[in-house]
Structures are given as structure tokens and as C-alpha cells.
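With chain A's structure known, arrange chains C and Z on it following the hints.
Chain residues, written in single-letter form:
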Amino acid sequence: MRRSPARLVIALSVAAALAVFVLYTSIAGAGTPQIQPKDLAQHTGVVLLVGKVVSTGGDSHSPGGMRFVLRDVKTDSGARARVVYHGTVPDPYRVGREVVVTGTLRHGVFVAQDGSLTTKCPSKYAPAKSKT
Amino acid sequence: MTLGLVLGGVLALIAVLFVARPFLREPAPASDRLDEPGELERRRLELVEERDRALAALKELEFDHRTAKVNDEDYRSLVGPLRRRAAEALQALEPRAEARHERIRSKH
Amino acid sequence: MPQLGRAALLLSLGLVAYALIAGSIAAWKRRRRLAISAQNALLASFLSTAIAAGVLWSALARRDFSFVYVSEHISRKLPLGYALAAFWGGQEGSLLLWLLILTGYAALAVWLNRSNRELIAWVVPVLAGVAGFFAFMLCFVSSPFATAPAPADGAGMVPSLQNPYMLAHPPLLYLGYVGLTIPFAFAMGALLSRRTDERWIVATRRWTLAAWTFLGVGQLLGAHWAYVEIGWGGYYAWDPVENAALMPWLAATAFLHSVMIQEKRGMLKVWNMVLVALAFNLSIFGTFLTRSGVVNSIHSFSQSPLGGWFLGFIAVCIVFSVSLIYLRLPMLRARTKLESLVSREATFLYNNLLLVAFCLTILWGVTYPLLTEALRGETRSVSKPYYNFFLHSFGLPLLLLMGIGPLIAWRRASLRALGRMFLIPFGVGAVTGVALIAAGFGSSPPGLLAYTFSAFVLASIVLEFVRGRRATGSIVRLVGRNRRRYGGYLVHAAIVLLAIGVAGSSSYQTVREKGLKPGQAMTVAGYKLTYVSLGSKQEANALATRATVDVSRGGSHVTTLHPGKNTYPVEKMTSNEVSIYHDPRNLGDVFLIADQIDPGSNTLFLKALVKPLVNLIWAAGFLFVFGALVAMWPDAVEQRRLADRYAPGAVAA
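One line per chain: the protein sequences are A, C and Z, in this order. Start counting the first sequence at 16; every next residue gets the next number (our numbering). Start counting the second sequence at 207; every next residue gets the next number (our numbering). Start counting the third sequence at 139; every next residue gets the next number (our numbering).
To be clear, the hints were calculated from the coordinates, so they are not data collected in a lab.
Distance condition first, Cα-Cα at most 30 Å in a straight line; then the derived DSSO-like pairs of lysine-lysine:
| id | chain 1 | residue 1 | chain 2 | residue 2 |
| --- | --- | --- | --- | --- |
| 1 | Z | Lys655 | Z | Lys675 |
| 2 | A | Lys89 | Z | Lys522 |
| 3 | A | Lys67 | A | Lys89 |
| 4 | Z | Lys522 | A | Lys53 |
| 5 | Z | Lys710 | A | Lys89 |
| 6 | A | Lys89 | A | Lys53 |
| 7 | Z | Lys522 | A | Lys67 |
| 8 | C | Lys265 | Z | Lys402 |
| 9 | Z | Lys710 | Z | Lys655 |
| 10 | Z | Lys475 | C | Lys265 |
| 11 | Z | Lys675 | Z | Lys652 |
| 12 | Z | Lys710 | Z | Lys215 |
| 13 | Z | Lys666 | Z | Lys652 |
| 14 | A | Lys67 | Z | Lys710 |
| 15 | A | Lys67 | A | Lys53 |
| 16 | Z | Lys522 | Z | Lys652 |
Listed next, with one range per pair, are the computed distances between beta-carbon atoms:
| id | chain 1 | residue 1 | chain 2 | residue 2 | range |
| --- | --- | --- | --- | --- | --- |
| 17 | A | Ala34 | Z | Leu465 | 31 to 37 Å |
| 18 | Z | Ala576 | C | Lys265 | 41 to 47 Å |
| 19 | C | Arg282 | Z | Ser612 | 25 to 31 Å |
| 20 | Z | Ile562 | A | Arg22 | 30 to 36 Å |
| 21 | C | Glu245 | Z | Arg514 | 53 to 59 Å |
| 22 | Z | Asn526 | C | Glu245 | 52 to 58 Å |
| 23 | C | Arg282 | Z | Leu465 | 40 to 46 Å |
| 24 | A | Ala26 | Z | Asn724 | 41 to 47 Å |
| 25 | Z | Ile562 | C | Glu268 | 18 to 24 Å |
| 26 | C | Gly215 | Z | Met469 | 45 to 51 Å |
| 27 | C | Asp241 | A | Ser41 | 58 to 64 Å |
| 28 | A | Thr59 | Z | Val457 | 41 to 47 Å |
| 29 | A | Ser41 | C | Lys265 | 49 to 55 Å |
Everything numeric in this text was worked out from a predicted model, so none of it was measured. From the three backbone atoms N, C-alpha and C, an ideal C-beta is built for every residue, glycine too.
One chain only, chain A, in its complex shape (with noise of 0.2 Å):
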């Protein structure tokens, strides 16, 4: 071949890797809204929901499940997120530390995901923090 047929391979290429993207995220939809307590209200829908726990009871492994409330991470704007999960709860999980969790409002009560709890590792990078 006298020209080369490099340039084609790799047009058609990347072509085709953008066709594969395209048609992915056309079909699946465009990623899941990661929100705080604030924001819940408006919307529906499955969402992440960040937030930092205010209080916990009950038995994830319960028909009545687990019971949390989360606060806004940063600025408490006073909104506060009721959530019931049943699954497994990470360890690091307890009241002060940031979670996310997967679900749904529904009737005012944010029904969770089973088992999509996640709870941050306790900082290795932030500033001075205090011992508790």
C-alpha cells in the first residue's frame, strides 16, 4: 500500500471508542446526582446523598432496618435527612462521620439502597484536627 493506512485505522478507531462512549452514557444516562441534605427536597430519583450523621438507632439487619439522620457536611443550613438502611454497615460508621448512601425519597423518608453505605476513612491528610 502506498499510502498508509495508519491515519484510517486510527480515525476509524477513535471513531468507533466515542461510538462505544456515546451510546453508553446515551443508554445508561448521564451519571447520578450526588447531593446533600439541602438539596433533597427537589429531588427524585435515585441520588447519592452526602451528609454528616446527627443521630443513629435501630438494626440494619432488622425488618425495621437501621435509622440515621444527616446533616449537611459543610454549613448546616438546618435541613435534615431521614434515612432507613438495611444492609452491611462499614465499621468507621458512627455519629460525626461523613456518608454517603444511595436511594430514594420517598414520603418524606429517604429509602436507601441494601448495603450501599459508605462511610469515609477518618482523615490522613486534613490539618491539625484535635483528638476526640
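Showing chains C and Z alone in chain A's frame:
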């Protein structure tokens, strides 16, 4: 407290001396030029790399042929051009090799 | 003593600043003594950084709590090994580790090329520039030598970090990340000095391979750590911090392959420059992601002022690399062209495209939350389904290519020759595929494809060794004379084992959860798990609660496992202590997590995962390192040839 600063000062002094060393060793050198490959040298490098590439390709072709990855037909069609390329590269280097030996001999 | 540390870091900053400025002038104006002076400055910067590191290590060993860093990361009772490892347990210390390794590598590179000042004339300022950023951060933004009145005891180290992984994983990862700076510096150096030869590739080939190996092993260790210590049942969560290391590794993999094409055919010069710059910039981006807290991550840290500085530095590096490559484009024109779409060069090209495409989709996924926040005010994120889709879309063809590549000849392969080469591996793959479908593995199409392709690739690799041995007489001689090729095949075999392990443990795993009272049992994938009893034991710094679970299979007892939890009163934390049984029959694991223990009723909520073939992943790690060592092993014949090539007296790194 002061020990730390004194050690730091000593360290800094050693560092400065080390950094200044080339100038202290050769206050008035014959040549302070950082030689870079001239046109001739660049051309030679190109040719040497070309030669090595051709020779390596030949070696790999032989190996692929011995391990039956390349059949006789393909081997015959590929080996000719490769051998020619290698020969050309070797030839192109010949006069330069002479010139290089001259330069090295004159340096010593 | 902190003054010595601060002074040493300031000295490092001064030295690399000098190396940057003096080195640039020396390279530009061709001044020999100034160039040597700049190189000496780089060498000295390693020494001063090492002294700063020594100060911090000594403070950690002495439990000198007047150092804020020491009081924040260790306690008096912490064993010495972990106290020393706390060096890289925090922001400032890990920055210092980065600078230490960087100046160390730079000094080594200068030392190895000391009889060839010309080659590294521009490499020195580039290395100095990168080191300068980190030194600046350490001196003025994030110093490890801040002091305060010493408290009685330190804050201690988080229990999940107190294990041997903490000693090995971060340093290995850094040796990898930082190592990518060297080929970048040599590449930019070659562009700056307008050199069109391949010397920079020859000089950095082993550096790149070593950095790539360190990065790969570091990631595997991290995955193993997550698997056995954190114990959520998996080893990779597509967390931004994990992706931060995967992206440069993928770019470096692409670079390792395409650089071979430049060496053999003189093609892809521009592409290689782009790849090495991409790998380097991704390594800096990776550490930015890990430290700055900008992306929501399970390892996440609070928003730190460092983020802005790092972003600025990355922007400078990108502008620098792109402009330089653009300006030197005419110089990088290739002389040869791709002759055939069916050749080894072409498969390398496809491999590169797939690797870079995968790398970019991960990059998109990681930055998606940042972009949506900036552009729409609302943060959206993607998760496992997104990454898995692209892992399958790009990873499976990559797997297949690993088997095809070795069977194709360079330049041009006739279809007839291909047909002959492919027959056996294709046959093996097809038979495996059919057998697996018959055995019921069709439940997961990606898993089935992964297994089938793996069989194909392994067959083609084995055949390569068989054919090679027939040609040379012995395996040792074969490998000895063709280290790069056969070392590469070994590494490919390791990746295949990894793929099989990943496919088995994800596509074909079984998970069951059940609440059990003592005496009750549950079955999962042919294993019967009987909850026997619950017990507690007071250990050194924790209360260990363990459930005794009998594991049997087909009626006969196999083992007894003890999943449970540790409660640490001082740190007020609980940790999950999983219990794993490695089943030699299927190289898989029975993985038990005591999800919840109810001490009142002795009820145990047990989560059991059966993960077939997962141990292949860790075994692959050993083969990976072995293969890389073989590929890296110096070849006396080749060294001599290269030495002759680059003028008498030259030393190739």
C-alpha cells in the same frame, strides 16, 4: 536549637562548594564549551541507528523464520529488502567510520 | 532539630532552583562548567532532602511530639515500624517522600550519565523544575517541620493502617509514580536539544519498565490490602484514589509498547512524546486527586489548600509539554509508514488505542463530578456499572490482542501464515469456550469471553516458548538471548492470570447473607457454613470478638473460620476482621464477614462470599515481577553494542 541552625549552615556551605566545584577546579579552562553533536555526528547517529534497526530486523526475521512464524515464501520476499537496507546503512557508515577514527586519534 | 529539617528543605529548594536556572542557561549557551555545576546541584539536592527526611524519621523514632506532624500521626505505644511508616501517613510527610524519591532518581540519572553531559544538558532543568514545585510546597505551603508545645501523647495511627501493607504499599506506589518523571524529563530534554535520535529512549527504557513495575505491584498490594484488611469482600472499588494510580499505569503500558515500535521502525515519534507526557501528567494528577479532597472518595480527605497549587502546576506542565511537542513537530516526522493493517506494528497500534481509550474513560469518570459541578452547579457521579462497561468493552479486546500480537510477524503477515499460526491457539480457545458453555459458565457473557480469550492467549504464549525452544535448543538460552521478548511474554501471561482471577472472582462469585443463631447453618455455592459459637478475647489494645464457623463441603469438614470484630477503646473505633479460607481445589476463597454481632442474643449476621480463582490475582503479581525482571535484565552484548553506538566512553543507563 542553635545546633540545628549550625548544622544547616554547614550543610549549605558544603552544598555551595560542591556546586561551585567545576569553577574552582578549572578557573581558566582551555574550552568551556559544552559540545553538542555537530551535523556530522548527528548524521552518523542517524545512520548507526538505521544500521542497528536493519540488523535487528534481519535477526528477528531469521528467528521468526526458524520458529516457523514466517513461512518460506514471506521470508524470501522480506529478507531481500532488509538485507539491502542493512548493506546500505553499513556502506553509508564506512567513510564516516574512517573519519571518526581520525578524529579520535587526533584527540589523543 | 526541626530547624535543621527546615533549613535542609530550603537548601533543597535553593539547589533545585539553581539547577533549573543554571542548567537552562548552560544548555542554551553551551557552557560546560555551568552544566556540571547544575548537575552537582541536583546531586546535592538529594543529599539535603535526605537529611530533611532523616530529621523527620528521627523525630518519629524518638516520639518527639514537639513536631506537630509526629504528634498527629503516632503515639507512644505504636510499634517502631509503624512509627517510621507514619512518615508517609500524612500530607506533609508523603510530599517529602515524593521529593526524596524524585531527587534520588534525578541524582541517579545524573550519575549514570555523568560521562555524557551533553545528553542530560536539558534533562537537568526539567527534573529540577518538577522537584522545585515539590520543594516549594514543602517549604512554604505544607511543611513537615511545624512545631508546637508537645502534648503528653500523640494522636496515634488509625488501626486500619497498622499492618505490614502500610510499610510497603505507599513507598512502592511512589517509586512507580515518581519514576515516570525520568522518561518524561529525557523526552522533553531531547526535544529541547533538538535531538532526533533514539538515545533518550535507550537511556530510559529500564527506568520506564522499573517505574511501571513498581506502580503495578503497588496497586496489587493496595488491592490485597483492601481485600484482607478492609474486608468488604472486594479488591477494587473504582474509587478515585485507586483510579489515580491506574490511569498513569495504563498510559505507561501504552508507552512501553509503542516505544518498541519507534526503536524498531522509527515510527510514532510524536505519539510517544504525547504518551510519555500523558503518563507523567497523570502521575501528578493522581497525587493531586489523592491529596486535595476535590473528589468524593472513600479515602477522601478534607478540602486542602494544596489543591489549587497542584492544579496550577499540572496546568504549567501540560502547557509546557504540549507547546514543546507542537514546536518540534517538524523534527519528529517519521521516515517509515505502517505497511499493513495485519502486522505486529498494527496490533501494537490497536493495543495503544485501546489502552488510551480505557485510560481516558476512567479520567472522564473521575473528573465527571468536578465538571458537572462546575458547569451545571450540581454534582453528578458515575460508579461501578460505568467502569465495568468500559473494562469489558476495552479490556476484552486488549486481552485478545495479547494473544494475536506475538503470532504476527513484523511489517506484514500473509493471511496464510497467520492461519497456520493461529490454528492451535484458536482451537484451544474454541474448545475451552464450548466446554465452559456446556459447564454453565454462560451465565456471565463477559466472564465467559474473558476465560475463552485467556485460554487463547495462554496457548499462544506457550506455543511461542515451545517454538522458540525448538529453534534454540534450551529455554534458558532462548530467554537469555531474547530477554525483552520472552520477559514480555511472561508479563503477558501474568496479566492473563490476573484477568482469569478477576473474571472468576467477579463474574462468577456467589454472595449470601443470613442472620444465624448458634447451631444454625447456611449454604453458599456448595459450602455449608455452620455458626457454632461466639467468643471474646482481650488483646493488647483491642477487644476481639470472634464467631466460630465450621465450613464443610459435600458433608466433610473443610476448615473452621473466625470472622469477627475488634473494638479499640483508645481510638474509639471498630474494625472488621474477616476470615478467609483459600480453597486449593478451585484457587478461590470462602470469604466470611461478620456483618453484625448481637451480643445479647448471640445472633450473627454473616455475609459469605465464594470467589472462584481469586488467588490467581495475587499469584499473577509474582509472575508479573519475575517477567519484568527478565525483560529488564542487562544484556552484556546489547550494552556493548549501545556503548559503541553512542561514541567511545559513553555509558547507557
